[in-house]
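Chemist: As given, the protein sequences belong to chains A and B, one line each in that order. Mapping of the first sequence onto this note's numbering: position 236 corresponds to residue 236, and the numbering continues sequentially without gaps. Mapping of the second sequence onto this note's numbering: position 154 corresponds to residue 154, and the numbering continues sequentially without gaps.
If you are wondering where the hints come from, they were derived from the structure by calculation, not from laboratory data. Don't be surprised by glycine CBs; every beta carbon is placed ideally from N, CA and C. All the given hints hold, so there is nothing to weed out.
On the chain A side, residues computed to face chain B include the following (Cβ under 10 Å): (1) 110; (2) 115; (3) 119; (4) 138; (5) 180; (6) 182; (7) 189; (8) 191; (9) 233.
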Amino acid sequence: MRNALFALAIICPILASAQNYQGVVRIGLLEYPPHIVFDDDIGPLPGYMSKIVEGSGYQAKFIRMLPERGLRELNKGNIDFLMPLKTMEAKVSVLSLPILHSVPGLCFKKDKFIPILSATHRFDDLIVGMPNGYYVVDALASSQAMLLEVKGDDAISRGIDLTQRGRIDAFYHPNPSHVYYEGNPTYKEVACSSFHGYFIAANIAVSPKIKQQVLHAVESQFVEQMQSENYELYLSRLRRNR
Amino acid sequence: MRHYIFSLFLCCSLNLQAQAVQPNEKAQALLDDITKIYMSSMVYIFQQQPLINGNEQDKSALFGDNLIANIQDVYIKKYNEPFPLLDHETKKLLVQTMVDVMNDNRALIQDPELEFKGIIPAVFAFQLSAQLSVKGVGLKIKFTRTSDDIRNVLNKPDQWESNVMSKIIDNPKIYYDANGTLNGKPAYRQFTPLPMAPYCLQCDGEPKHNPLNYGKPKKAWTTIDMTGFEMENWTLTDFGGGVSLSVEKSNIDREGTH
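Construct all of the structure, not just a fragment, from the sequences and the given hints.
Modeler: Written as structure tokens, this is what we have:
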């Protein structure tokens with residue numbers, strides 16, 4: 001009897017809270033350290049998004065995905081949103097504001113490292129690999145570097161590999177912190193520097209099959225939250241309180 | 001000695017206040033605090049160049065709470081006054097962003113295979129400004145100078161900054177404007193001139209100041225500084241640019257909201 005009452009005490013609030021939601025919003029997550037990390041601690045971005053979805057009257061359900069599958073499921077309508085996504089990666093609709101920004105940069109073999117990328121005259125005659133479909137910052141586009149497009153789904157890892165083997169002088173990376181971090185066992189010979197002041201926006205992609213009622217509710221809550229405390233400010237506050 | 005002279009210049013510059021429509025006392029105090037904390041962090045980064053570029057295992061002085069404590073020490077010595085209370089969200093955010101910037105540079109700073117990491121005061125200050133710009137808090141801070149002399153095109157002065165510099169270049173004083181705008185909204189603006197300091201000359205001075213030339217015969221000197229730019233041949237009497245700060249008025253009134 002005591003156990004039954006205990007179970008009831010636990011289940012009732014869950015049922016009550018579930019009934020408060022108008023439904024479930026399915027959000028595909030792409031790994032994007034440190035914002036989304038596929039381990040026990042999933043990173044801060046899902047927490048921020050969860051708050052928005054709940055504020056709009058829905059319950060968030062997160063599903064970890066690889067990029068290719070994520071886009072496929074988004075287009076099929078099996079998920080409602082996919083994040084984060086850079087707009088040039090795929091032609092999909094996105095929420096009206098970017099959720100975060102990354103700072104692009106160049107990764108070099110260490111003996112060719114250029115620490116300050118505003119010194120664009122140092123790019124003269126460099127062969128710089130570029131992943132296909134990414135926005136190129138003006139500092140690089142207007143320099144005398146020779147840009148070499150690297151195609152394919154794994155263009156970024158192939159480009160870094162080419163750099164490490166000395167086949168190209170540098171590789172343009174949309175977020176070098178994914179490659180250049182302490183103890184990365186894969187790319188020990190590479191060092192990266194960033195185009196500070198330039199940003200690549202990362203967005204939340206929207207399924208073409210999402211219910212308009214859900215989209216409007218989430219979008220309006222998203223804009224309200226971003227105006228009140230955007231994700232990057234939220235992240236600062238989290239770090240400060242740690 | 002070098003640091004002393006630099007500190008003296010900074011202190012002097014902050015004691016020379018003037019011009020335009022003055023913001024109210026509360027706003028002016030906040031602007032002053034932000035600028036002085038920002039400048040103290042630049043001085044600390046300069047002082048720590050050997051640690052940043054060296055191969056020491058323990059670089060904890062550059063990160064987290066240690067970083068803040070060390071910047072506080074610099075501030076106290078430089079301005080001979082207590083470090084400001086972090087009693088406004090903007091000041092808290094500035095300090096946290098300093099920690100974030102150094103964390104973002106952690107791989108570079110800890111890399112034993114790179115002799116020069118490129119984390120000099122101007123670069124640190126620029127990274128700080130860039131990170132603050134995406135947080136949506138109505139705060140913009142940058143280290144700039146006259147547009148003909150700028151190295152990083154992203155640091156070019158706007159019209160307001162150019163006008164202010166033309167007014168104060170021959171008589172450097174802090175310039176306040178209570179009728180400015182930022183992101184199309186009413187804002188307080190402040191420009192604090194930064195006289196050339198000896199450490200600036202290592203990059204912006206004459207080849208004899210360039211550490212890459214130390215101990216070499218004159219005919220072997222390079223005119224390219226350690227950051228990869230052509231040296232400007234400036235002297236201590238040249239205008240050193242300044243710190244431009246813009247804070248939306250709504251931000252000033254929003255205390256401890258987050």
